[in-house]
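Novice: Please model the complete structure; the sequences and the hints are all you need to start from.
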Amino acid sequence: MIQLTHDPIDTHQLTESVRDHAAGAVVLFLGTVRELTDGRRTLALDYESYPEMATAKLEELVENARSQWPITACGIVHRLGHIELGDVSVAVAVSCPHRVEAFEAGRFLIDTLKEVVPIWKKENFEDGTTEWVHPGLDTSSDAASTDTSLSS
Amino acid sequence: MKVAVQLFAHARDLAGREQVDLELAEPVSVGDVRSALAVHVPQLVPLADGLLIAVGTNYADDAVKLDANDTIACFPPVSGG
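The listed protein sequences correspond, in order, to chains B and C.
Going left to right, the first sequence walks through residues 1 to 152 as the numbering used here numbers them.
Going left to right, the second sequence walks through residues 153 to 233 as the numbering used here numbers them.
Just to be clear, a hint being listed does not mean it is correct.
[To be verified] Partial selection, computed: residues in chain B whose CB lies under 7 Å from chain C:
id, residue
1, Gly31
2, Tyr50
3, Met53
4, Ala56
5, Val90
6, Lys114
7, His134
8, Pro135
9, Leu137
These are calculated hints, taken from the structure and not from any lab test.
Even for Gly, the Cβ is constructed at its ideal location relative to N, Cα and C.
Specialist: Structure follows, in structure tokens:
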């Protein structure tokens, strides 16, 4: 199951959905909203996606993982919209015959999701400022409005 | 050729709109779209080379040629998870 949703993620239901008599291992990864980033206090995150491409990339991702590990079942749910501190933003559940491959496949799925799936998060900091998270780019308001050095 | 470019995340916020409509001479490459965006939407220049361009549901490098019915999107590096 692949899903983008604005509703809270039912992690128990996702976990149960990958359980199978052929599997001896189930790994569940949860991404949760962390309070501190580089010493700044986060109150919430806002997530948005390019839904058509995100869904296509998630499907490719699962196909890629299935070509590398003997996956019995797999499910990925990513939440969108406003998510409060501590809440679950993403859940990846994978089942395999044995635990080593289940851990490896789960690690691959979340690591690659973060690199290729068009979903973005915006930090809502305690001091009232907001900031898009775009790895490799400085998107703080000062940099975005005055610093053009990245264009060279 | 008319090219409609959907913007997302910080790119959309900087541009102040969800879509940019460009009129470009054929043949049009992804690199042409990138150059035209910098001219027509100078607010995007700070993001510059960090911007990714997708044709349909695939990432596309600057050499990729566009068809008239392609769906084009432009956005900064992703940060899901």
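Novice: If a hint holds in the structure, say so; if it doesn't, say that too.
Specialist: Hint check:
no., hint, result
1, Gly31, "holds, 5 Å"
2, Tyr50, "holds, 5 Å"
3, Met53, "holds, 4 Å"
4, Ala56, "holds, 4 Å"
5, Val90, "holds, 5 Å"
6, Lys114, "holds, 4 Å"
7, His134, "holds, 4 Å"
8, Pro135, "holds, 5 Å"
9, Leu137, "holds, 5 Å"
In this structure, none of the earlier numbered hints is contradicted; all agree with it.
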